[in-house]
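*Asks:* Residue numbers (the working numbering), protein chains in the order written: chain A, 1 to 486; chain B, 1 to 418.
One or more of the hints may lead you astray.
As the list claims (entries may be wrong) - Per label pair, the in silico range of CB-to-CB distance:
1. B/N366 <-> A/E285: 57 to 63 Å
2. B/P389 <-> A/R379: 51 to 57 Å
3. A/P128 <-> B/M1: 36 to 42 Å
4. A/A382 <-> B/G72: 35 to 41 Å
5. A/S93 <-> B/L362: 40 to 46 Å
6. A/D133 <-> B/M1: 48 to 54 Å
7. A/R379 <-> B/A331: 43 to 49 Å
8. B/P272 <-> A/R388: 53 to 59 Å
9. A/P128 <-> B/G72: 53 to 59 Å
10. A/R392 <-> B/V364: 53 to 59 Å
11. A/P245 <-> B/P64: 27 to 33 Å
Claimed, not checked - With a straight-line Cα cutoff of 20 Å, these simulated EDC-like cross-link-like pairs (lysine to aspartate or glutamate) come out:
12. B/K244 <-> A/E282
13. A/K231 <-> B/E275
14. B/K354 <-> B/E414
15. A/K300 <-> B/D283
16. A/K300 <-> B/D330
17. A/K301 <-> B/E222
18. A/K231 <-> B/D283
19. A/K365 <-> A/E77
20. B/K354 <-> B/E264
21. B/K354 <-> B/D330
22. A/K274 <-> B/E414
23. A/K417 <-> A/D72
What the hints contain is simulated information worked out from the structure, not anything from laboratory work. Note that the coordinates shown come from a computational prediction; the quantities given were computed from them, not determined experimentally. Ideal Cβ positions, reconstructed from N, Cα and C, are used throughout, including at glycine.
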Amino acid sequence: MYDVAIIGAGVSGAAIARRLSLYQLSVVLLEKCADVSFGVSKANSGIIHAGFHHAPASLKARLEIAGNRAFDTLHAELGFPFRRAGIIVAAFSVEEMKTVEHLYAQGVQNGVPDLEIVGRERLLSLEPALSRDAAGGLFAPSGGIIEPYRFAFALAESAVANGVKLNVNWEVSAAGRQGDAWEIANARGEKLSARWVVNAAGLQADVISALFGGESFVIAPRKGEEFILDKGAGGPSKRVVFPVPSRTSKGVLVIPTVEGTVMIGPTAEEGDDKLDTATTPENLERVFQLASAMVPRISKKDIITSFAGLRPTLPGDDFYIELSEKAPCFVQVAGIQSPGLTASPAIAERVKDLLKTGGLSLREKPDWRPGIPHMERTRDHAPWEIDRLVARDPAYAHMVCRCENVSEAEVVEAVRKGHTTLDGIKYYTRSGMGRCQGGFCTYRIMQIVSRETGLPLDRITKHGPGSEIVRDRIGGGAPDARRGTA
Amino acid sequence: MIHRNVDAVVIGGGSAGLAAALALRTAGTTVAIVEREPFLGGILLQCIHSGFGLHEFRQDLTGPEYAARFVGPVREAGIEVFLNTTVMEIGEEPTGRSVIALSQNQGVVRFATRAVVLAMGCRERNRGNVAIAGTRPAGVLTAGLAQRLVNIEGCIPGRRVVIVGSGDIGLIMARRLTLVGCDVLAVVEIQPYPSGSARNIVQCLNDYSIPLHLGHVVTRIEGRDRVEAVRIAPLSDGRADAGKERRIECDTVLLSVGLIPENELSRAAGVPIDEGSSGPHVDADLMTGAPGIFACGNVLHVHDLVDYVTEEARRCGERAAAWLSGARKDAMLPVVPGANVRYVVPNACAAGRKNVFYLRALVVKNDALLDVRVGGRQARSQKLSHVQPSEMIRFSLEPDAVPERPAGEEAVVEVSIR
Chain A
1 MYDVAIIGAG
11 VSGAAIARRL
21 SLYQLSVVLL
31 EKCADVSFGV
41 SKANSGIIHA
51 GFHHAPASLK
61 ARLEIAGNRA
71 FDTLHAELGF
81 PFRRAGIIVA
91 AFSVEEMKTV
101 EHLYAQGVQN
111 GVPDLEIVGR
121 ERLLSLEPAL
131 SRDAAGGLFA
141 PSGGIIEPYR
151 FAFALAESAV
161 ANGVKLNVNW
171 EVSAAGRQGD
181 AWEIANARGE
191 KLSARWVVNA
201 AGLQADVISA
211 LFGGESFVIA
221 PRKGEEFILD
231 KGAGGPSKRV
241 VFPVPSRTSK
251 GVLVIPTVEG
261 TVMIGPTAEE
271 GDDKLDTATT
281 PENLERVFQL
291 ASAMVPRISK
301 KDIITSFAGL
311 RPTLPGDDFY
321 IELSEKAPCF
331 VQVAGIQSPG
341 LTASPAIAER
351 VKDLLKTGGL
361 SLREKPDWRP
371 GIPHMERTRD
381 HAPWEIDRLV
391 ARDPAYAHMV
401 CRCENVSEAE
411 VVEAVRKGHT
421 TLDGIKYYTR
431 SGMGRCQGGF
441 CTYRIMQIVS
451 RETGLPLDRI
461 TKHGPGSEIV
471 RDRIGGGAPD
481 ARRGTA
Chain B
1 MIHRNVDAVV
11 IGGGSAGLAA
21 ALALRTAGTT
31 VAIVEREPFL
41 GGILLQCIHS
51 GFGLHEFRQD
61 LTGPEYAARF
71 VGPVREAGIE
81 VFLNTTVMEI
91 GEEPTGRSVI
101 ALSQNQGVVR
111 FATRAVVLAM
121 GCRERNRGNV
131 AIAGTRPAGV
141 LTAGLAQRLV
151 NIEGCIPGRR
161 VVIVGSGDIG
171 LIMARRLTLV
181 GCDVLAVVEI
191 QPYPSGSARN
201 IVQCLNDYSI
211 PLHLGHVVTR
221 IEGRDRVEAV
231 RIAPLSDGRA
241 DAGKERRIEC
251 DTVLLSVGLI
261 PENELSRAAG
271 VPIDEGSSGP
281 HVDADLMTGA
291 PGIFACGNVL
301 HVHDLVDYVT
311 EEARRCGERA
321 AAWLSGARKD
331 AMLPVVPGAN
341 VRYVVPNACA
351 AGRKNVFYLR
361 ALVVKNDALL
371 DVRVGGRQAR
381 SQKLSHVQPS
391 EMIRFSLEPD
401 AVPERPAGEE
411 AVVEVSIR
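For reference, chain A alone in the conformation it holds in the complex (with noise of 0.2 Å):
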């Protein structure tokens, strides 16, 4: 018996999940893909928003304030990449300076630091790349860059370091109350109960309330399509770069992301369909058309790849965290969608004190641990300095992934925390992210995935069971692990 299940490990569930792990709690963290942020997070676009784009009474801008705060902590005790690289929105059009002049007061009153009004002349000073037709804009140096899935990735890791258990490839399939416990079960007939529910299910927000006896509502997929350009593109901009926004997105930005590529992106279109992630060549000239009008620099030579990604959208786009009046014991997350990963540090906060109004006692651990292991890259590393490394593990010599430089003991680090499929060895260690889009690295990985888990090779996948990236084998019979070095 679990005190606390967390459906859903996304960025806020296991935001949720590293929270809760502070007190003396039983907590599980239940995630129907194979991986940590494979659902919604995985696409997220890695800005940590500044706070000026909502309205003060909304609870999103509360929350996005709140969560932007304590990036600074988290990211000393958890060290994925992130930076405050700023963020400026570029208006091209005394019109335009209106709704930056709204969007200022608005930054203002919900609290944003530092939230200045540009002229022309600095704000092309602050962002040189920028295209000499802005007339003008916002700039707000609080803003800043992470990488969603490592963000992710880190709370989790944190938090099971903590004592939470992680169950993946576990989607739960049907929920009822035994005494005062739910018992939840998925569809291998695997059972477990706890006393309390969250239900952070993202896409599924909604069916998992009704399985739950929950509040009904629909949650919309709202689809963004993103491109990714290669590092050699020059950076084009230093800091995100914002249009003025419309009623029903921020636009399409030119992010330069932590680790020096640049994407550009998303869209925003409604739908219904929640397994749509498919891109579009009509939304791939528009991104353009819409990016380079604001620093024209970008061109689509540079592209190393594009995904999309489904915002989970609630009527009236705010989101919706409060203990569930129809299902006992029971938290509603949901709505989770842009500014979510900015806000999850106080989402988590938030359902902290809904679960001790519902009466779930918090005492905390006295053996909490904020911080995990520093991951070493020999990428970060002097060449004066790697021999420290090698000497520690020669596989920190052996190049893997030759467009991102990461090392063979990065991969088998990523395989040893439980990373095994090649999305989720990708996201922990960028190899198969760079120019050639795992052309040279993805056998090599595959092999060290097979030596380290003794997995044949037609059991190893992109993203999980169905995904195998080979099917057969020459003369019939499965694919042998091999052994010795990749």
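With chain A fixed as given, assemble chain B onto it according to the hints.
*Replies:* Chain B alone, transformed into the frame defined by chain A:
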């Protein structure tokens, strides 16, 4: 950190690196080869089909056999070979160059050297580079990765295969996958003509009745966990004709959509890159714009035959050795692409000696004429029965074609196809 002093460091132990290193060693210089993989031979080792060596050895060899012709002599010649070793940086020193590498067995290795030969080869263009829309399931891989999985690991990626692009590796894999029992359902090429060689179209597609759809694009990849289908459509006025779109059910998509010389290391070392070839700009000695750094093979420009890689790399090694021995540089004229030519390599021509050039055309043309002009005057013309961008054209200029003192300051060698 391990320190090594050698006259020349060759980066890459594939076909180019092997031939360049041998030529350097034959000329009496000390050489080290730095190779990322645990073996020498590069991509040749996964090319188990034949067709290699027809020019170089007048024999029809497989890739591994061709590689073996060089690996043996390299081992015997006293060339120091660093396997499982990745070059991270080429630096400049008062006495020449430094090369810093990471070795699985030796940790950090620092070479102090006078010459560097870039022989890193190329990489495959991927799905992102050609922006194919749709979902991102398992089962989408480059043809070269598939070749590695099939020929070295013995794995079959899938059973029903569509190949996007008609580059040579894709064509070779169409045949290879057919031979291991897969159904190759289509090869889809955006251009109105094939990207691979005529020989491979006949021997890899026609002989196995594999349909080639020219002037077609893949409009979408479908499938959530695994590829389920692709949609293809003919191009009409440069756009996919949605009315004629059709769906092909398959579980695997191979991409053979071009190769890119891998010059990230070169760029970081300050080597200027030629827009046309995507490789370093080189003089008649195959020396790049960075003194002491030479380039050959697919890192310089993408070749269609390994025999030409060998020829070019051998010359590169010889010229690098001559440069190391302090030989006076010959007078050189710049070489520029003229009409219908994408690039000519090298980008300069030496006076008073034989010069060999490789070029790629921008057009498909029958009964074409290769027209070489030195300072505006025709130095060579040659009939070419058929020209297409996928087939490299090799030609040479005899020692007397380029005068020792060319007339006029602006004298250039212009190469056109008419």
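*Asks:* Report the numbers of all earlier hints that the structure fails to satisfy, in ascending order.
*Replies:* 1, 2, 8, 11, 15, 16, 17, 18, 20, 22, 23
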